[in-house]
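> Sequence:
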Amino acid sequence: MLLTRCAIATIALVACSYAASAQFAPPPARPAAPKATAPSPRAASCHNGASFDRFLADVKQQALAAGVSQRAIAEASPYLVYDQGIVNRDRGQRVFGQLFTEFAGRMAAPYRMQSGQQHIKQYAAAFARAEKEYGVPPAVIAAFWGLESDFGANMGNLPTLKSLVSLAYDCRRSEMFVNETIAALKIIDRGDLHPDEMIGSWAGELGQTQFLPVHYVNYAVDYDGDGRRDLLHSGADVIGSTANYIATGLKWRRGEPWLEEIKVPPNLPWEKTDLTVREPRSTWAQLGVTYPDGRPLPNDNLPASVLLPMGRFGPAFMAYANFAAYTEWNNSLIYSTTAGYLATRIAGAPPMRKPAAPVAQLPFNELKQLQQLLVQAGFNVGKIDGVLGQQSRTAVKAMQIKYGLPADSWPTAELLVRMRGSTAQVQPQATVR
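Residue numbers (the working numbering): 312 to 744.
Calculated directly from the structure, the hints in this document are not laboratory data. Only true hints are included.
Simulated restraints on C-beta separations:
{"hint": "1", "residue 1": "444", "residue 2": "373", "range": "26 to 36 Å"}
{"hint": "2", "residue 1": "484", "residue 2": "578", "range": "37 to 47 Å"}
{"hint": "3", "residue 1": "389", "residue 2": "587", "range": "41 to 51 Å"}
The list that follows gives simulated cross-link-like pairs (lysine-lysine, PhoX-like), each with its CA atoms no further than 25 Å apart:
{"hint": "4", "residue 1": "713", "residue 2": "583"}
{"hint": "5", "residue 1": "432", "residue 2": "443"}
{"hint": "6", "residue 1": "679", "residue 2": "694"}
{"hint": "7", "residue 1": "665", "residue 2": "574"}
{"hint": "8", "residue 1": "443", "residue 2": "562"}
{"hint": "9", "residue 1": "665", "residue 2": "583"}
{"hint": "10", "residue 1": "713", "residue 2": "679"}
{"hint": "11", "residue 1": "713", "residue 2": "694"}
Every residue gets a Cβ at the ideal spot worked out from N, C-alpha and C, and that includes glycine.
Start from the sequences, fold in the hints, and give me the full structure.
Here it is as C-alpha coordinates:
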(Lines of atoms letter the chains of each structure in order from A and count residues from 1; the text may use other names and numbers.)
(Lines give C-alpha, C1' and ligand atoms only; values in the text may rest on other atoms or scores of the structure.)
Protein backbone atom coordinates (compact mmCIF):
# COMPACT_ATOMS: atom_id res chain seq x y z
CA MET A 1 0.00 0.00 0.00
CA LEU A 2 2.71 2.43 -0.85
CA LEU A 3 4.28 3.79 -4.01
CA THR A 4 5.83 0.47 -4.93
CA ARG A 5 2.70 -1.62 -4.52
CA CYS A 6 2.10 -1.72 -8.26
CA ALA A 7 5.67 -2.78 -8.91
CA ILE A 8 5.81 -5.54 -6.31
CA ALA A 9 2.38 -7.12 -6.29
CA THR A 10 0.82 -7.04 -9.74
CA ILE A 11 0.65 -10.79 -10.12
CA ALA A 12 -1.11 -11.14 -6.77
CA LEU A 13 -3.57 -8.41 -7.76
CA VAL A 14 -4.60 -10.19 -10.94
CA ALA A 15 -5.00 -13.45 -9.04
CA CYS A 16 -7.49 -11.77 -6.71
CA SER A 17 -10.04 -11.52 -9.49
CA TYR A 18 -10.44 -15.28 -9.58
CA ALA A 19 -11.24 -15.72 -5.89
CA ALA A 20 -14.43 -17.75 -5.81
CA SER A 21 -15.80 -16.72 -2.45
CA ALA A 22 -16.64 -13.34 -0.99
CA GLN A 23 -16.88 -14.73 2.55
CA PHE A 24 -14.23 -14.46 5.23
CA ALA A 25 -11.58 -17.12 5.04
CA PRO A 26 -11.16 -19.03 8.31
CA PRO A 27 -7.96 -18.41 10.26
CA PRO A 28 -5.18 -20.35 8.52
CA ALA A 29 -3.73 -23.39 10.18
CA ARG A 30 -0.45 -22.59 11.85
CA PRO A 31 2.26 -24.19 9.70
CA ALA A 32 5.56 -25.56 10.86
CA ALA A 33 8.43 -23.13 10.70
CA PRO A 34 9.73 -22.96 7.13
CA LYS A 35 13.06 -24.45 6.18
CA ALA A 36 15.81 -22.26 4.79
CA THR A 37 16.75 -22.34 1.15
CA ALA A 38 20.37 -21.69 0.23
CA PRO A 39 20.84 -18.12 -0.94
CA SER A 40 21.95 -17.41 -4.47
CA PRO A 41 25.62 -16.26 -4.55
CA ARG A 42 24.57 -13.01 -6.24
CA ALA A 43 22.06 -12.22 -3.51
CA ALA A 44 24.73 -10.79 -1.19
CA SER A 45 26.36 -8.54 -3.76
CA CYS A 46 24.91 -5.40 -2.17
CA HIS A 47 26.01 -6.48 1.33
CA ASN A 48 29.77 -6.63 0.64
CA GLY A 49 29.60 -10.36 0.21
CA ALA A 50 28.08 -10.98 3.64
CA SER A 51 26.36 -14.31 4.10
CA PHE A 52 22.66 -14.42 4.78
CA ASP A 53 23.31 -15.33 8.41
CA ARG A 54 25.56 -12.30 8.90
CA PHE A 55 23.03 -10.10 7.12
CA LEU A 56 20.22 -11.42 9.30
CA ALA A 57 22.22 -10.79 12.46
CA ASP A 58 22.61 -7.16 11.39
CA VAL A 59 18.87 -6.87 10.72
CA LYS A 60 18.16 -8.19 14.21
CA GLN A 61 20.50 -5.60 15.68
CA GLN A 62 18.67 -2.89 13.75
CA ALA A 63 15.38 -4.22 15.09
CA LEU A 64 16.67 -4.09 18.68
CA ALA A 65 17.81 -0.51 18.11
CA ALA A 66 14.30 0.27 16.81
CA GLY A 67 12.77 -0.96 20.06
CA VAL A 68 11.83 -4.54 19.19
CA SER A 69 12.21 -6.91 22.15
CA GLN A 70 14.52 -9.91 22.27
CA ARG A 71 11.43 -12.03 22.93
CA ALA A 72 9.77 -11.02 19.65
CA ILE A 73 12.97 -11.61 17.71
CA ALA A 74 13.35 -15.05 19.27
CA GLU A 75 9.76 -15.92 18.39
CA ALA A 76 10.26 -14.80 14.80
CA SER A 77 13.72 -16.31 14.24
CA PRO A 78 12.57 -19.75 13.00
CA TYR A 79 10.65 -17.95 10.24
CA LEU A 80 13.41 -15.58 9.20
CA VAL A 81 14.83 -17.82 6.49
CA TYR A 82 15.91 -17.21 2.94
CA ASP A 83 13.87 -18.47 -0.01
CA GLN A 84 15.33 -17.98 -3.47
CA GLY A 85 11.92 -18.81 -4.94
CA ILE A 86 10.49 -15.57 -3.50
CA VAL A 87 13.32 -13.57 -5.05
CA ASN A 88 12.82 -15.30 -8.40
CA ARG A 89 9.13 -14.42 -8.37
CA ASP A 90 9.94 -10.81 -7.62
CA ARG A 91 12.48 -10.59 -10.44
CA GLY A 92 10.36 -12.48 -12.92
CA GLN A 93 7.03 -10.69 -12.54
CA ARG A 94 5.56 -8.85 -15.52
CA VAL A 95 3.26 -5.90 -15.17
CA PHE A 96 -0.08 -6.61 -16.80
CA GLY A 97 -1.10 -4.75 -19.92
CA GLN A 98 -4.85 -4.71 -20.37
CA LEU A 99 -7.49 -2.33 -21.54
CA PHE A 100 -9.31 -0.60 -18.71
CA THR A 101 -12.68 -1.99 -19.85
CA GLU A 102 -11.28 -5.54 -19.72
CA PHE A 103 -9.76 -5.15 -16.28
CA ALA A 104 -12.69 -3.25 -14.78
CA GLY A 105 -15.17 -5.68 -16.35
CA ARG A 106 -13.61 -8.50 -14.37
CA MET A 107 -12.46 -6.76 -11.19
CA ALA A 108 -15.55 -4.55 -10.76
CA ALA A 109 -17.95 -7.32 -11.75
CA PRO A 110 -21.53 -7.21 -10.40
CA TYR A 111 -20.86 -9.97 -7.86
CA ARG A 112 -18.11 -7.90 -6.26
CA MET A 113 -20.33 -4.81 -6.17
CA GLN A 114 -23.10 -6.82 -4.53
CA SER A 115 -20.70 -8.40 -2.08
CA GLY A 116 -19.45 -4.94 -1.13
CA GLN A 117 -23.00 -3.80 -0.45
CA GLN A 118 -23.66 -6.93 1.62
CA HIS A 119 -20.55 -6.36 3.73
CA ILE A 120 -21.57 -2.76 4.36
CA LYS A 121 -24.87 -4.08 5.77
CA GLN A 122 -23.16 -6.84 7.75
CA TYR A 123 -20.69 -4.44 9.37
CA ALA A 124 -22.96 -1.41 9.45
CA ALA A 125 -21.81 -0.25 12.90
CA ALA A 126 -18.11 -0.42 12.04
CA PHE A 127 -18.61 1.34 8.71
CA ALA A 128 -20.69 4.08 10.33
CA ARG A 129 -18.08 4.59 13.01
CA ALA A 130 -15.27 4.74 10.44
CA GLU A 131 -17.12 7.30 8.35
CA LYS A 132 -17.81 9.44 11.40
CA GLU A 133 -14.23 9.28 12.69
CA TYR A 134 -12.29 9.36 9.41
CA GLY A 135 -14.72 10.78 6.84
CA VAL A 136 -14.22 7.87 4.42
CA PRO A 137 -17.46 6.55 2.84
CA PRO A 138 -18.26 2.86 3.32
CA ALA A 139 -18.24 2.22 -0.44
CA VAL A 140 -14.63 3.44 -0.73
CA ILE A 141 -13.45 1.07 2.00
CA ALA A 142 -15.49 -1.83 0.64
CA ALA A 143 -14.11 -1.40 -2.88
CA PHE A 144 -10.50 -1.73 -1.72
CA TRP A 145 -11.49 -4.64 0.54
CA GLY A 146 -13.09 -6.46 -2.35
CA LEU A 147 -10.32 -5.80 -4.86
CA GLU A 148 -7.47 -6.70 -2.55
CA SER A 149 -8.72 -10.01 -1.19
CA ASP A 150 -12.39 -10.58 -2.06
CA PHE A 151 -13.21 -9.73 1.56
CA GLY A 152 -10.67 -12.09 3.04
CA ALA A 153 -11.07 -15.04 0.70
CA ASN A 154 -7.71 -14.57 -1.01
CA MET A 155 -4.99 -13.09 1.22
CA GLY A 156 -2.09 -15.22 0.01
CA ASN A 157 -0.55 -18.40 1.39
CA LEU A 158 3.14 -17.68 1.97
CA PRO A 159 4.97 -17.01 5.26
CA THR A 160 5.34 -13.24 5.49
CA LEU A 161 8.59 -13.18 7.44
CA LYS A 162 10.30 -15.46 4.94
CA SER A 163 9.12 -13.29 2.04
CA LEU A 164 10.26 -10.06 3.66
CA VAL A 165 13.70 -11.17 4.75
CA SER A 166 14.38 -12.87 1.39
CA LEU A 167 13.51 -9.67 -0.47
CA ALA A 168 15.58 -7.70 2.05
CA TYR A 169 18.65 -9.83 1.34
CA ASP A 170 18.17 -9.38 -2.40
CA CYS A 171 19.68 -6.17 -3.75
CA ARG A 172 16.78 -4.69 -5.68
CA ARG A 173 15.02 -2.94 -2.78
CA SER A 174 17.03 -4.08 0.21
CA GLU A 175 16.56 -1.00 2.41
CA MET A 176 12.83 -0.98 1.86
CA PHE A 177 12.39 -4.62 2.84
CA VAL A 178 14.73 -4.37 5.83
CA ASN A 179 12.36 -1.69 7.11
CA GLU A 180 9.37 -3.90 6.33
CA THR A 181 10.99 -6.82 8.17
CA ILE A 182 11.56 -4.68 11.26
CA ALA A 183 7.96 -3.46 11.06
CA ALA A 184 6.77 -7.09 10.94
CA LEU A 185 8.75 -7.78 14.11
CA LYS A 186 7.02 -4.80 15.74
CA ILE A 187 3.63 -6.32 14.84
CA ILE A 188 4.68 -9.48 16.70
CA ASP A 189 6.14 -7.51 19.60
CA ARG A 190 2.97 -5.59 20.33
CA GLY A 191 0.89 -8.77 20.23
CA ASP A 192 -1.17 -8.16 17.10
CA LEU A 193 -0.15 -11.36 15.31
CA HIS A 194 1.94 -14.44 16.02
CA PRO A 195 4.77 -15.28 13.62
CA ASP A 196 3.12 -18.50 12.50
CA GLU A 197 -0.16 -16.77 11.54
CA MET A 198 1.57 -14.12 9.43
CA ILE A 199 0.62 -15.59 6.07
CA GLY A 200 0.16 -13.39 3.01
CA SER A 201 1.32 -12.58 -0.50
CA TRP A 202 4.80 -13.34 -1.77
CA ALA A 203 5.53 -9.59 -1.62
CA GLY A 204 5.04 -9.53 2.14
CA GLU A 205 1.61 -7.91 2.30
CA LEU A 206 -0.72 -8.86 5.13
CA GLY A 207 -4.42 -8.89 5.80
CA GLN A 208 -7.69 -8.41 4.01
CA THR A 209 -6.69 -5.05 2.50
CA GLN A 210 -3.08 -6.14 1.98
CA PHE A 211 -1.06 -3.80 4.18
CA LEU A 212 2.70 -3.91 3.99
CA PRO A 213 4.03 -4.18 7.57
CA VAL A 214 5.11 -0.53 7.83
CA HIS A 215 1.54 0.53 7.08
CA TYR A 216 0.21 -2.15 9.43
CA VAL A 217 2.28 -0.65 12.25
CA ASN A 218 1.37 2.94 11.42
CA TYR A 219 -2.32 2.68 10.58
CA ALA A 220 -3.85 -0.53 11.96
CA VAL A 221 -6.40 0.10 14.74
CA ASP A 222 -8.23 -2.17 17.18
CA TYR A 223 -11.84 -1.61 16.16
CA ASP A 224 -13.39 -4.66 17.82
CA GLY A 225 -11.89 -3.94 21.24
CA ASP A 226 -10.08 -7.26 21.77
CA GLY A 227 -6.70 -5.63 22.36
CA ARG A 228 -5.20 -6.71 19.02
CA ARG A 229 -4.98 -5.10 15.61
CA ASP A 230 -5.89 -8.16 13.59
CA LEU A 231 -6.28 -7.46 9.89
CA LEU A 232 -6.39 -11.15 9.00
CA HIS A 233 -9.46 -12.22 10.95
CA SER A 234 -11.35 -9.18 12.28
CA GLY A 235 -13.70 -7.45 9.86
CA ALA A 236 -14.07 -4.48 12.20
CA ASP A 237 -10.30 -4.02 12.46
CA VAL A 238 -10.04 -4.19 8.66
CA ILE A 239 -12.65 -1.46 8.25
CA GLY A 240 -11.23 0.91 10.85
CA SER A 241 -7.62 0.40 9.78
CA THR A 242 -8.35 0.86 6.10
CA ALA A 243 -10.30 4.04 6.84
CA ASN A 244 -7.43 5.32 8.98
CA TYR A 245 -4.91 4.69 6.21
CA ILE A 246 -7.07 6.33 3.53
CA ALA A 247 -7.83 9.36 5.71
CA THR A 248 -4.48 9.85 7.42
CA GLY A 249 -1.98 8.33 5.04
CA LEU A 250 -3.66 9.18 1.75
CA LYS A 251 -5.17 12.53 2.86
CA TRP A 252 -8.83 11.81 2.03
CA ARG A 253 -10.98 14.94 1.92
CA ARG A 254 -14.12 14.47 3.97
CA GLY A 255 -17.41 15.01 2.13
CA GLU A 256 -15.89 15.34 -1.34
CA PRO A 257 -16.41 13.04 -4.36
CA TRP A 258 -13.68 10.92 -5.93
CA LEU A 259 -14.80 9.82 -9.41
CA GLU A 260 -17.84 10.26 -11.67
CA GLU A 261 -18.51 9.05 -15.16
CA ILE A 262 -18.99 11.83 -17.72
CA LYS A 263 -19.62 12.34 -21.42
CA VAL A 264 -17.13 14.38 -23.39
CA PRO A 265 -17.82 16.33 -26.60
CA PRO A 266 -15.91 15.54 -29.81
CA ASN A 267 -14.23 18.96 -29.81
CA LEU A 268 -12.90 18.96 -26.24
CA PRO A 269 -9.39 20.45 -25.94
CA TRP A 270 -7.78 17.03 -25.48
CA GLU A 271 -4.53 18.44 -24.14
CA LYS A 272 -6.50 19.36 -21.00
CA THR A 273 -7.52 15.75 -20.37
CA ASP A 274 -4.89 14.85 -17.84
CA LEU A 275 -4.79 14.28 -14.08
CA THR A 276 -2.28 17.12 -13.81
CA VAL A 277 -4.83 19.59 -15.25
CA ARG A 278 -7.57 20.74 -12.90
CA GLU A 279 -10.36 23.11 -13.82
CA PRO A 280 -13.56 24.14 -12.02
CA ARG A 281 -16.55 22.03 -12.96
CA SER A 282 -18.14 25.17 -14.38
CA THR A 283 -15.26 25.40 -16.89
CA TRP A 284 -15.70 21.78 -17.97
CA ALA A 285 -19.43 22.43 -18.35
CA GLN A 286 -18.72 25.40 -20.62
CA LEU A 287 -16.51 23.11 -22.73
CA GLY A 288 -19.46 20.74 -23.27
CA VAL A 289 -18.75 18.06 -20.67
CA THR A 290 -21.94 16.55 -19.22
CA TYR A 291 -23.05 13.55 -17.25
CA PRO A 292 -23.57 10.41 -19.38
CA ASP A 293 -27.33 11.00 -19.63
CA GLY A 294 -26.83 14.60 -20.82
CA ARG A 295 -27.50 16.32 -17.50
CA PRO A 296 -25.27 19.35 -16.97
CA LEU A 297 -22.43 19.37 -14.49
CA PRO A 298 -22.87 21.55 -11.41
CA ASN A 299 -21.97 25.15 -12.16
CA ASP A 300 -19.49 25.44 -9.28
CA ASN A 301 -15.78 25.90 -8.64
CA LEU A 302 -14.98 22.38 -7.43
CA PRO A 303 -11.68 21.49 -9.15
CA ALA A 304 -11.64 18.35 -11.26
CA SER A 305 -9.68 16.60 -14.00
CA VAL A 306 -10.95 14.74 -17.05
CA LEU A 307 -9.60 11.19 -17.04
CA LEU A 308 -9.61 9.15 -20.27
CA PRO A 309 -8.11 5.74 -19.43
CA MET A 310 -8.55 4.56 -23.06
CA GLY A 311 -8.36 7.85 -24.94
CA ARG A 312 -11.18 9.97 -26.33
CA PHE A 313 -13.18 7.02 -27.70
CA GLY A 314 -13.30 5.10 -24.40
CA PRO A 315 -14.96 5.71 -21.05
CA ALA A 316 -14.53 9.17 -19.54
CA PHE A 317 -14.46 10.21 -15.90
CA MET A 318 -14.33 13.33 -13.81
CA ALA A 319 -11.56 12.77 -11.26
CA TYR A 320 -11.58 14.88 -8.12
CA ALA A 321 -8.92 15.63 -5.52
CA ASN A 322 -9.81 12.44 -3.63
CA PHE A 323 -8.84 10.37 -6.67
CA ALA A 324 -5.23 11.01 -5.64
CA ALA A 325 -5.83 8.56 -2.79
CA TYR A 326 -6.40 5.85 -5.38
CA THR A 327 -3.25 6.58 -7.36
CA GLU A 328 -1.29 6.63 -4.10
CA TRP A 329 -2.77 3.29 -3.03
CA ASN A 330 -1.67 1.79 -6.35
CA ASN A 331 0.13 3.79 -9.01
CA SER A 332 -1.32 1.69 -11.83
CA LEU A 333 -3.86 3.90 -13.60
CA ILE A 334 -5.91 0.85 -14.57
CA TYR A 335 -6.12 -0.36 -10.98
CA SER A 336 -6.77 3.04 -9.43
CA THR A 337 -9.52 3.89 -11.92
CA THR A 338 -11.11 0.47 -11.42
CA ALA A 339 -11.03 0.89 -7.64
CA GLY A 340 -12.64 4.32 -7.86
CA TYR A 341 -15.24 3.06 -10.33
CA LEU A 342 -16.09 0.03 -8.17
CA ALA A 343 -16.61 2.33 -5.19
CA THR A 344 -19.09 4.38 -7.20
CA ARG A 345 -20.94 1.20 -8.17
CA ILE A 346 -21.12 0.02 -4.56
CA ALA A 347 -22.45 3.49 -3.68
CA GLY A 348 -25.25 3.08 -6.23
CA ALA A 349 -23.96 4.51 -9.50
CA PRO A 350 -25.06 2.78 -12.73
CA PRO A 351 -22.57 0.77 -14.80
CA MET A 352 -20.40 2.81 -17.12
CA ARG A 353 -21.38 3.16 -20.74
CA LYS A 354 -19.78 0.87 -23.26
CA PRO A 355 -17.72 2.55 -26.00
CA ALA A 356 -19.75 3.24 -29.15
CA ALA A 357 -17.23 1.19 -31.12
CA PRO A 358 -14.31 -1.07 -30.21
CA VAL A 359 -11.33 0.99 -29.07
CA ALA A 360 -8.26 0.29 -31.17
CA GLN A 361 -5.21 -0.83 -29.24
CA LEU A 362 -1.70 -1.15 -30.60
CA PRO A 363 -0.39 -4.70 -30.46
CA PHE A 364 2.20 -5.48 -27.78
CA ASN A 365 5.20 -5.38 -30.14
CA GLU A 366 4.12 -2.03 -31.60
CA LEU A 367 3.67 -0.52 -28.13
CA LYS A 368 7.23 -1.57 -27.34
CA GLN A 369 8.43 -0.01 -30.58
CA LEU A 370 6.57 3.21 -29.75
CA GLN A 371 8.20 3.28 -26.33
CA GLN A 372 11.62 2.83 -27.96
CA LEU A 373 10.90 5.74 -30.29
CA LEU A 374 9.77 7.86 -27.36
CA VAL A 375 13.04 7.13 -25.58
CA GLN A 376 14.94 8.11 -28.73
CA ALA A 377 12.97 11.36 -28.71
CA GLY A 378 14.28 12.10 -25.23
CA PHE A 379 11.44 10.87 -22.99
CA ASN A 380 11.76 8.71 -19.91
CA VAL A 381 9.10 5.99 -20.19
CA GLY A 382 10.57 3.71 -17.56
CA LYS A 383 10.89 0.10 -18.63
CA ILE A 384 10.27 -0.64 -22.30
CA ASP A 385 7.73 -3.38 -21.68
CA GLY A 386 4.82 -2.83 -24.05
CA VAL A 387 2.66 -1.56 -21.17
CA LEU A 388 1.11 1.89 -21.22
CA GLY A 389 2.17 3.30 -17.85
CA GLN A 390 1.82 6.90 -16.74
CA GLN A 391 5.27 7.87 -18.03
CA SER A 392 4.45 6.47 -21.46
CA ARG A 393 1.08 8.25 -21.47
CA THR A 394 2.74 11.58 -20.66
CA ALA A 395 5.24 11.11 -23.47
CA VAL A 396 2.50 10.08 -25.91
CA LYS A 397 0.54 13.25 -25.11
CA ALA A 398 3.61 15.42 -25.72
CA MET A 399 4.21 13.82 -29.12
CA GLN A 400 0.54 14.09 -30.05
CA ILE A 401 0.73 17.82 -29.37
CA LYS A 402 3.91 18.06 -31.43
CA TYR A 403 2.30 16.37 -34.43
CA GLY A 404 -1.04 18.16 -34.11
CA LEU A 405 -2.96 15.00 -33.19
CA PRO A 406 -5.74 14.81 -30.58
CA ALA A 407 -3.69 14.82 -27.38
CA ASP A 408 -5.65 12.24 -25.38
CA SER A 409 -2.57 10.22 -24.27
CA TRP A 410 -3.77 7.11 -26.13
CA PRO A 411 -1.20 5.58 -28.52
CA THR A 412 -2.44 5.10 -32.07
CA ALA A 413 -1.08 3.66 -35.28
CA GLU A 414 -1.06 7.17 -36.75
CA LEU A 415 1.25 8.41 -34.01
CA LEU A 416 3.50 5.39 -34.48
CA VAL A 417 3.72 6.07 -38.23
CA ARG A 418 4.57 9.72 -37.58
CA MET A 419 7.27 8.76 -35.14
CA ARG A 420 8.72 6.27 -37.56
CA GLY A 421 9.10 9.18 -39.91
CA SER A 422 7.25 7.22 -42.53
CA THR A 423 4.43 8.00 -44.94
CA ALA A 424 3.38 4.37 -44.98
CA GLN A 425 -0.27 3.47 -44.83
CA VAL A 426 -1.65 3.01 -41.32
CA GLN A 427 -1.85 -0.70 -40.65
CA PRO A 428 -5.03 -2.26 -39.21
CA GLN A 429 -5.04 -2.26 -35.44
CA ALA A 430 -6.10 -4.94 -33.02
CA THR A 431 -9.45 -4.26 -31.45
CA VAL A 432 -10.97 -5.45 -28.23
CA ARG A 433 -14.71 -5.92 -28.07
